[in-house]
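Participant: Line by line, the protein sequences are chains F and P.
All the letters of the first sequence, read from the start, carry residue numbers 2 to 577 under the working numbering.
All the letters of the second sequence, read from the start, carry residue numbers 2 to 577 under the working numbering.
For the record, the hints were derived by calculation from the structure and aren't laboratory data.
Think of the CB as a built atom: it goes at the ideal place given N, C-alpha and C, for glycine as much as any other residue.
Among these hints, one or two may not hold up.
[Claimed, not checked] Below, a sample of chain F positions facing chain P; criterion: calculated Cβ distance under 7 angstroms:
hint, residue
1, I10
2, L53
3, A61
4, I249
5, Y252
6, G302
7, I326
8, Y408
[As the list claims (entries may be wrong)] Here are the computed lysine-lysine pairs in the DSS-like style, where the Cα-Cα straight-line distance is at most 30 angstroms:
hint, chain 1, residue 1, chain 2, residue 2
9, F, K12, P, K355
10, P, K334, F, K6
11, P, K66, F, K279
12, P, K537, F, K429
13, F, K334, F, K279
14, F, K12, P, K409
15, F, K123, P, K66
16, P, K359, P, K530
17, P, K123, F, K303
18, F, K12, P, K303
19, F, K79, P, K304
20, P, K218, F, K6
21, F, K279, P, K303
22, P, K427, F, K537
23, F, K219, P, K409
24, P, K149, F, K409
25, F, K279, F, K12
26, F, K6, P, K427
27, P, K6, F, K66
28, P, K12, F, K334
29, P, K66, F, K304
30, P, K409, F, K530
31, F, K279, P, K304
32, P, K359, P, K427
33, F, K218, P, K6
34, F, K79, F, K149
35, P, K12, F, K409
36, F, K196, P, K12
37, P, K12, F, K279
38, P, K537, F, K427
39, F, K409, P, K334
40, F, K304, P, K79
2 protein chains.
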Amino acid sequence: MTTIKTFQIRKPIIESKDVLPAVLTIAGSDSSGGAGIEADLKTFSAHGVYGLTCITALTAQNTQKVQLFEATPKELVKSILDLNFQDFLYGYDQPPLKAIKTGMLTPESIGVLQDYLPELEKYGVKIILDPVMISTSGSSLLTEAAMKLCIQTLIKNAFLITPNFQEAQAILSIATDSHSNVPIASTNDLINFVKSLQKALGCKNVLVKGGHIPWDKKNDAPYEMSAGNDYSNVVVLDVLYEAEINEITIYESAYINTQDSHGTGCTLASSIAANIAKGLDLSAAIPLSVDYIHRGMLSMGKKLGHGNGPLNHTTVPETSVSKVITLQEDGVKQAVIDSAPSFYEYLKNHPRIKDNWKLYSEHRFIKHLANNTLPFDRFLYFLKQDYYYLINYAQVHALAASVAPTYKQTHSEALVISNIVEEIEKHKQKLCDKYDIDYEKDRGLDIELNPGPACINYCNYLLKMGRNENYFAIKMALAPCLHGYYEAGVYGSECRSKWEGSLGKLETKHESDTYQSWLDDYTSDWFFKAHQDGQKALEELFEITPLSQQRLDELVDIFNEVTLLEVRFWDEVLDY
Amino acid sequence: MTTIKTFQIRKPIIESKDVLPAVLTIAGSDSSGGAGIEADLKTFSAHGVYGLTCITALTAQNTQKVQLFEATPKELVKSILDLNFQDFLYGYDQPPLKAIKTGMLTPESIGVLQDYLPELEKYGVKIILDPVMISTSGSSLLTEAAMKLCIQTLIKNAFLITPNFQEAQAILSIATDSHSNVPIASTNDLINFVKSLQKALGCKNVLVKGGHIPWDKKNDAPYEMSAGNDYSNVVVLDVLYEAEINEITIYESAYINTQDSHGTGCTLASSIAANIAKGLDLSAAIPLSVDYIHRGMLSMGKKLGHGNGPLNHTTVPETSVSKVITLQEDGVKQAVIDSAPSFYEYLKNHPRIKDNWKLYSEHRFIKHLANNTLPFDRFLYFLKQDYYYLINYAQVHALAASVAPTYKQTHSEALVISNIVEEIEKHKQKLCDKYDIDYEKDRGLDIELNPGPACINYCNYLLKMGRNENYFAIKMALAPCLHGYYEAGVYGSECRSKWEGSLGKLETKHESDTYQSWLDDYTSDWFFKAHQDGQKALEELFEITPLSQQRLDELVDIFNEVTLLEVRFWDEVLDY
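Full structure from sequences and hints, please.
Facilitator: The following block contains the structure:
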């Protein structure tokens, strides 16, 4: 007798529909999965971008050797590119295909791809070219003649090329027809080398990877391997030259002493391509990508393969530069201090934020409420939305508590949650029992509360920050609600005083009293203290946190985005 | 003048080194990235398994058509498989290669692979075979003759085959040389069809996917498309037959009405293969994989491609069956209720847990402490470890707060955090000032506290649960600490009373008093109340949560694992 069981699979609730940018990798296949299009696809997925492929050659290889190699016929390469461009580049307002990453190229694929260069330029597709010449296991993958062709066509038109130090030397030799390597004895030599490479090639940006030339930090010179195995002062320097702005950026990172580096080159380039496709600046993309490689190498629990093992591509990449970079840039914080009496004042008066902040803290909703011209059913709708919001707001404070650097901060977030719960209860008891809003239903029955899109978007944004960001950034996302409600309360109260005598007529006195009491709540001593404590906490975080310009911009963006979400929250109440 | 900037990239702190199981996909390449090895690799990565490839054919295709097709030569297929098996199967105690997923096969690849079947059998590699015959865009991908060969060789030896309904009909026709399709009018017909398919093929397990035969739940019959577009009663039934245990499992899920299903077949099979490689049972793997496909379809914000669009492979798969399945199995909860007075009693007396619980709650550490034979420096070491632990423990309560189903539960977690902070402060003030332990340093200086491996493992396990599990399971992970310390306190106090008069000699009376006061803390009214409240909360969660046997087992496993982590925590203190 057969046993029969039935299960019902729940339909998932998808929080936000992200648009996936697409990246095309043009490279060989590494059947052992650590390099080639395999590594690229794994990397794209880890970064949340959609991967397309054009396989230039099949190889039979593993972590020890490359055994067979079969180049893809020219007409197949052409057909693949045609179909991919037809489907992911042409016929869109905003084409999903943002970047192309190239790895191992063949003369066939170089020939086909060069014909598309004008089209790619026209559509703004950025080419990140990793000039693969030799595999980690030692096989030669591209002839000098093919590299010469590549230099004359693709490299010249590339957005970025990412040679390691050896490849950079070889390419410079080929490009300049010189047969001696440039000697490197100091950081200064390295900088000049990278600049001369860019000049010889004509591509927009060059990143020379330093993994093959470990650096002795103490003596500012290449590390002498004969000096023994003391790696305490050894670092890796990756050097970026951005020709258009004539800027060198040196990324100093840990030297990880391992033989298991199969595919690290491919992976770095595809991680950069993914970050570029997501809209990051090159200078922000690179440290995140270096960090991704580090994570991949360090999290490879048990070595895979019997040769140069691959890395773990499945680690979750960091999305914030500040989590990856420790050094603060000189002057960034001083500029903030010089321009405003506090970090909070700096934020709300920031050129990008100022107008939005005014839109929020002096919102039409507040004016109507102050003037008794807000229809009461709109106010009740707002309270429902706010109830839903506060539950999420409490949860995001819990997420902040879970990543707070000190247990005292964890504790203070827990205390804030208690305050929010008090606020939720206040909504329930004071205002709503009379108006037949069923607040007994908890989150399991969200649908009853029927939160609008602006409310849902706002909550989802906060939850996303809470799950992915560090403590400072989460606090930044939580700040506009706290401070804006205080300021809106003050603004509303002023309006109401000014307009006293000519206020609009609501149906009952109770309704008018309710508006007054709402304004009173947010100008109360209790809320003023919360507003002040919040400012103090932000100020302390600003003081102790190293900041680069990039990170400061990220924080400003978060504050601005949440300010706009607040504006839309009230817009929706009025325009529903 | 070139601007020069330097940044230091932080070395990431990797919490746990996971071992990656490997899965090999033997399939064609889909250059547009939605199906084939591209979809497989994306899926493997999303599931945290390492992907290997053997590309059976290159295709030029997109979401609209397959334009060119070039089969990989037989010797290349053979070389790829050889190298992959050499590197990922042979020469290990526990080979990383756990499963092979096959997609589009060619006569060449079928021929090569069949020679390896005895080897794969020997090493326990499971074959998940997706019998691809026709692409979503309508191209025929395998001839009837090749399918016949496949049936006689690979399918017979497969762990699982995953045809959709049309493919299942075609395969049954080919296998039985019959030319009429089996008529399906009821669930019963469907069950008999799946059983007869398995019988005809001889493979271990068969999953017939129901996406192509939407089901009218009300009438228990295939949905008549002519009946209009009312999908309210329409579901998809995926039917699994496990021949060895003679068990049919029907997974009922939402019918998602979309044309954008390019690659869903490949993706389901590779998701199942990944879940199997991670050690899941087939019956647990399937709902998680169906859910992954749903998430992939529903989270595709903006359609990609101009034809049948692909899904979003980058969504994070659920790891817990209970989050995916809603129906509770009859009798599962009743069996718990019948066997124990409370869920807590059920857990600690569970056959898998009972001995471990005794090892924990009557640990040698407690006996030594009760008997004054615990060296005081060991106790101080324990306090340091416990301090580090409590900070993490508070954070995991914060994570519980962030996913609690009701705001009241969020609040109660916040109150627990306050209690834990009190406990941390107690450690600092009462006990340790005298003994020169620097507790002023917060988490930024963990290294000073020097937590041991057992402590770190325990904390990391809790954080992992906190970040990935639902509220019930997180509470389950937090429970052994709370309840075990109460029971250990009671046990220790009893021992101390019994042994009074013959207690060991510590250096000072203060040390003995400290031990007494430690035991008093955990038998105090305050802690007894926490112990009781915790039991009550567990009981309530047990009452309201639907449970299948699978999920109950998961919860028991969590409780058991944490009990063992507690044992190791104290072991380390003694044996350090």
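Participant: So, for every hint listed, does it hold in this structure?
Facilitator: The hints, checked one at a time:
1. I10: 4 angstroms, holds
2. L53: 5 angstroms, holds
3. A61: Holds, about 4 angstroms.
4. I249: 5 angstroms, holds
5. Y252: The hint holds - Y252 (chain F) has a Cβ within 7 angstroms of chain P, the shortest such distance being about 5 angstroms.
6. G302: Check passed: Cβ of G302 (chain F) comes within 4 angstroms of chain P, closer than 7 angstroms.
7. I326: Interface hint status for I326 (chain F): holds (5 angstroms vs cutoff 7 angstroms).
8. Y408: With Cβ-Cβ at 5 angstroms, under 7 angstroms, it holds.
9. F:K12 - P:K355: 37 angstroms, violated
10. P:K334 - F:K6: Holds, at about 17 angstroms.
11. P:K66 - F:K279: OK: K66 (chain P) and K279 (chain F) at ~28 angstroms, within 30 angstroms.
12. P:K537 - F:K429: Measuring from Cα to Cα gives roughly 26 angstroms; hence the hint holds.
13. F:K334 - F:K279: Holds, at roughly 28 angstroms.
14. F:K12 - P:K409: Holds, at about 26 angstroms.
15. F:K123 - P:K66: The given pair, whose Cα atoms are some 26 angstroms apart, holds under the 30 angstroms limit.
16. P:K359 - P:K530: Cα-Cα ~22 angstroms, so holds.
17. P:K123 - F:K303: 23 angstroms, holds
18. F:K12 - P:K303: 20 angstroms, holds
19. F:K79 - P:K304: 25 angstroms, holds
20. P:K218 - F:K6: 16 angstroms, holds
21. F:K279 - P:K303: 15 angstroms, holds
22. P:K427 - F:K537: Holds: K427 (chain P) and K537 (chain F) sit about 27 angstroms apart, inside 30 angstroms.
23. F:K219 - P:K409: Measuring from Cα to Cα gives roughly 57 angstroms; hence the hint is violated.
24. P:K149 - F:K409: The given pair, whose Cα atoms are some 68 angstroms apart, is violated under the 30 angstroms limit.
25. F:K279 - F:K12: At roughly 29 angstroms apart (the allowed maximum being 30 angstroms), K12 (chain F) and K279 (chain F) satisfy the hint.
26. F:K6 - P:K427: 53 angstroms, violated
27. P:K6 - F:K66: With Cα atoms ~39 angstroms apart, K6 (chain P) and K66 (chain F) exceed 30 angstroms; violated.
28. P:K12 - F:K334: 24 angstroms, holds
29. P:K66 - F:K304: Violated - the C-alpha atoms of K304 (chain F) and K66 (chain P) are around 40 angstroms apart, more than 30 angstroms.
30. P:K409 - F:K530: 25 angstroms, holds
31. F:K279 - P:K304: 17 angstroms, holds
32. P:K359 - P:K427: 28 angstroms, holds
33. F:K218 - P:K6: 16 angstroms, holds
34. F:K79 - F:K149: The given pair, whose Cα atoms are some 21 angstroms apart, holds under the 30 angstroms limit.
35. P:K12 - F:K409: OK: K12 (chain P) and K409 (chain F) at ~26 angstroms, within 30 angstroms.
36. F:K196 - P:K12: 27 angstroms, holds
37. P:K12 - F:K279: The given pair, whose Cα atoms are some 24 angstroms apart, holds under the 30 angstroms limit.
38. P:K537 - F:K427: 27 angstroms, holds
39. F:K409 - P:K334: Distance of about 41 angstroms is beyond 30 angstroms: violated.
40. F:K304 - P:K79: The hint holds at about 25 angstroms.
Going through the hint list in order, the structure does not satisfy hints 9, 23, 24, 26, 27, 29 and 39.
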